[in-house]
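Asker: Hints are included, so try docking the two chains, each in its own frame, into the full complex.
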Amino acid sequence: MAVRVRGLRKIYRPARYRQVSALNNLDLDIGAGEIVALLGPNGAGKTTAVQILTGHRRRDAGEVTVLGADPAGAGRAWRARIGIVPQQASDFAELTVLEVIRHLARYYPARREAGDLIDAVGLAGQAGTRLRRLSGGQRRRVDLALGLLGQPELLVLDEPTTGLDPAGRRQFWDLIRQLAAGGTTILLCTHYLDEAEALASRVAVLAAGTIVAAGPPAALAGRDAAAATVCWHEHGAAQSERTSTPARLVAALAARVAGPDGEIPGLTVTRPSLEDTYLRLIGATPNGPVTPEETS
Amino acid sequence: MTATSGNPPTASYQASQHGASQHGASQHGASQHGPPLPSLLRTSVARGRLEITSFFRDRESVIFTFSLPVILLVVFGEVFHGTIGSTGVAFRQYFTAGIIASGIMSATFVNVGASVAMDRADGTLTRLAGTPMPPAAYFAGKGIAALAVAAAEAGLLLAIGTAAFGLRLPGTAGGWLTLGWVFVLGTAACAVLGLALSSAPRSPRGSSAVFNLPYLVLSFISGVYVVFRDLPPVLQQVAALFPLKWLCQGLRSVFLPAAAAAAEPARGWELGKVALVLGAWFVAGLVLCMTTFRWLDRE
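Read top to bottom, the protein sequences are chains A and B. Position one of the first sequence corresponds to residue 1 (the numbering used here), numbered consecutively onward. Position one of the second sequence corresponds to residue 1 (the numbering used here), numbered consecutively onward.
Incorrect hints may appear among the rest.
What the hints assert, rightly or not - Cβ pair distances, simulated, as ranges: (1) A/Gln87 x B/Ser67: 35 to 45 Å; (2) A/Ser244 x B/Ser203: 20 to 30 Å; (3) A/Thr65 x B/Thr291: 27 to 37 Å; (4) B/Arg59 x A/Leu279: 45 to 55 Å; (5) A/Gly163 x B/Val75: 45 to 55 Å; (6) A/Gln87 x B/Thr292: 20 to 30 Å.
Said to hold, decoys possible - Covered stretches of chain A (in silico footprint by chain B; criterion: 3 or more residues with CB under 8 Å from a CB of chain B, positions within the stretch not fixed): (7) 51–58; (8) 66–79; (9) 89–103; (10) 238–245.
Claimed, not checked - Computed, partial: chain A to chain B, Cβ under 7 Å: (11) Pro86; (12) Arg106; (13) Leu134.
None of these hints come from the bench; they were simulated from the model. Where is the CB? At the ideal position from N, CA and C, for every residue including glycine.
Isolated chain B (complex conformation) (with noise of 0.2 Å):
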């Protein structure tokens, strides 16, 4: 081993000590002239690629996270049939659309809640901690590693979807843009209430209620596997004021033919409502998620 000085290994004890004082000084000079810390930027890219790295070799998670939605896509999908009131739109492209926003909220809010609640109980919030990792480094590389785990759920949903149940890609330049803006603000706020949420579980095996309880009820009552618009008035109000039902509005409005925007509550796509709400729980989430998180153990 080497020493982290230059002393040898087998210097005595006095003699030790006296380069102790000389180690100190010099290090302490280097501190401040020496190597600049490394910057928030590549920190976070660091803990993204880290993050992305540790899920995709957790099997289990994968397997999870990839074959539920599409397990449900393909059986629903046959077995839902008919069209969406006088629209003409056929009800398989409306739930698709649904499946690939209740796919993006599972990968994100349900995966990353759960995975803090994991760090929290295997010791990388305390090690983190220790480090001098930029705090906002950590928080960042779960915003990287959701969005790039909803983004290979949602591919995965739409080749599915195209192949087999009559989604559209968008046409347009504008229809991509919409998908594109779509897609990561509904990751962002789904992913940040996840973080939020993440102080509340106390323990790891109690986080699986915790995230799965709300995506669940929400995917039941935002219009994925029921048209929104033949939900009770009530559900329908609860469900606005979650980020799913916009999320679901949003892909809508990409994936399915303009006469289905008949087929919603308000006869449009009501794309700056979605982003407001979207914007609104992204916001809301980061504070709660500054004033909230705990990297130690309640005291």
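Isolated chain A, as found in the complex (with noise of 0.2 Å):
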């Protein structure tokens, strides 16, 4: 298990009689190798629990174990083996893409060579630029580059392909799998849900300091198991019915409408989408909507 978090804790004191409890009770495994997606609104507790995780915040209660030790009290040979890609940053604007890479690798035991890393992010033809000329998917992956420095072993992405062109996503995409498939744990903080489904084999849901749901993106919150809406077309206008047993209709549609070919025309049959179970999951929290104080 590379990450274990039980019971998690933290309450903010945004005034002196004032508490706001910004994560209560919170449970996340990930396993080692694994990709899981946290997700939830802005103010939801993400950046905290983050910052918990990697040792930069304390906790109020509860057991956290990352990388089999407790982030509170680990070192700087505990954050060698974590790689943190931050949300959008403007740092190092003077200096080269190869600059910062060679000298953010001098803080680590154990790096890659420079050269192979940036050929490995895409960035080959841009080694000699200041990272200032650089567009903003160029700059996120600069900012991938500096988190795999170290050769991680858990690596943490911050809404990693905010401002990446659809194309620039999918690259992201591939070089996420293939870290992955290569035996690094990865948890990934994101606001896209398609990037979440394209990516995780978890996702967790975190709504006013707390998991809602959590489970395979294809399974969340029972989604696979939940009604179904069927659409055909019949008598020339678009028909369509919600049912617990969409196999049972098609069949009886297949037996009922179907063609010469065997085709029931314009067969569509939909579960609720990630967005719509996640938009439920977010809405229907016990604490109700999210208060601007509850942000970290």
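Answerer: Right under this line is the structure:
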């Protein structure tokens, strides 16, 4: 188990006699080599949770083990085993891609060769370009490269593809899949549900400081067993029916309306999308809507 | 892209999960018996080089840092005439020593403070906090860069001062030694003060006010533009609490003829006091940094 969290609590005190619970009884497991996506609206506590997991915030209660150590007391050797790709940054503006990678590599005991890494993230043509002059997508590739410098066992990605064009996102996804195939554990924080669906073996939905649902994206909160909507064409018009037994309905339709080729015209069977499920989950939290005070 | 372990990228999910546990185990072993973490010294030197490179590539801050004291030196050097009291020493020499001290403070206090505020805003601090860099290396790097920029500034002003305004380089080894320790101590004290104050501005836009205001006020009351002894006693007492007055005085002891010592409030250079006050500010600034420095934003 790369990450194990039990009963994690974090309380903020925005004013003297007020307490806001940023994280409330949070449980999370991430297996070695797994890609887990952490989803949730702004202010749900994603950033706070990640900061506690990476040892940058103290917790008020609960057990946290990351790569076999408690992040609250872990040292540099532990930190060298974790790669972090922070949210959009604009640091190192006046340095070139190669300079930045060579510099940060000096902090790690086991590091990747700069040239290989630059090739791997697809920046071979920009090695001598200053970061200030890179496009948003190229800049994110640098951020990823910096996260990979120390050959991390755990990679934490915070909104990694914000600002990338669709083709750039796909390339980024391929890189992340290859890393996971190589055994790297990946924690992905994202607002893009298609990204979570494409990459993650499991997603966890965080709302108002607690995990309200977790599971494989295709089965999150029972969406694979939820009522399906079957649509078809009959009598020259579009028909649709919500059913909990779509196979039986389709079989009945095949007998009733199928043409000479045996096909049902215009047939689709849809279950609630990940987005539908997600929106239902974050709207139905016990503590009600998330207020700005609960932002970390 | 080469994957981090030897597994081919085409490996199935099951196979890769199996590989993952092996990978994890071998990495865990590597962290205990593998290559050691880079030392504080090595990372500090790397930080220092990076800070210096970044500074000299940022054209605007280079031009502002270096041109302001040079322009002030040239303009006021042409305007100011006459001698200090009855010492017979030209005021230009007095003023040039003061501008060098003020330039050192601008290159350290203002620059270091503004650069840390910028590091906080652009994500540098968040990034570094996520790496195994020893935190002390960040501060050491700022210090190394401050020394380099201050040395370049002082060298430039010294060259102009000796060429055009009658400043004399120290003639003895003792004079150079004094110049050395006054410079290093003054730079260190001003740099840690900039670091200590770097948590004060809420945005990098506010940082110019936070650092330039104390710098400008101290420049006017510390004996840069006006002979210190001619200032109202209250201002003299206020200035004596801060490092710039002592940095000016230490540099005057190096660059001005011995006769000029009569124009000091104590009729002497008080080098012991210079060392004491600058050293005390360095230690106080260091303590303040260690207790108040924030790597991440407020909770």
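Asker: Decide, hint by hint, whether the structure agrees.
Answerer: Status of the hints after comparison with the structure:
no., hint, verdict
1, A/Gln87 x B/Ser67: 35 to 45 Å, "holds (36 Å)"
2, A/Ser244 x B/Ser203: 20 to 30 Å, "violated (55 Å)"
3, A/Thr65 x B/Thr291: 27 to 37 Å, "holds (30 Å)"
4, B/Arg59 x A/Leu279: 45 to 55 Å, "holds (49 Å)"
5, A/Gly163 x B/Val75: 45 to 55 Å, "holds (47 Å)"
6, A/Gln87 x B/Thr292: 20 to 30 Å, "holds (25 Å)"
7, 51–58, "holds (count 4)"
8, 66–79, "holds (count 6)"
9, 89–103, "holds (count 9)"
10, 238–245, "violated (count 0)"
11, Pro86, "holds (5 Å)"
12, Arg106, "holds (5 Å)"
13, Leu134, "violated (14 Å)"
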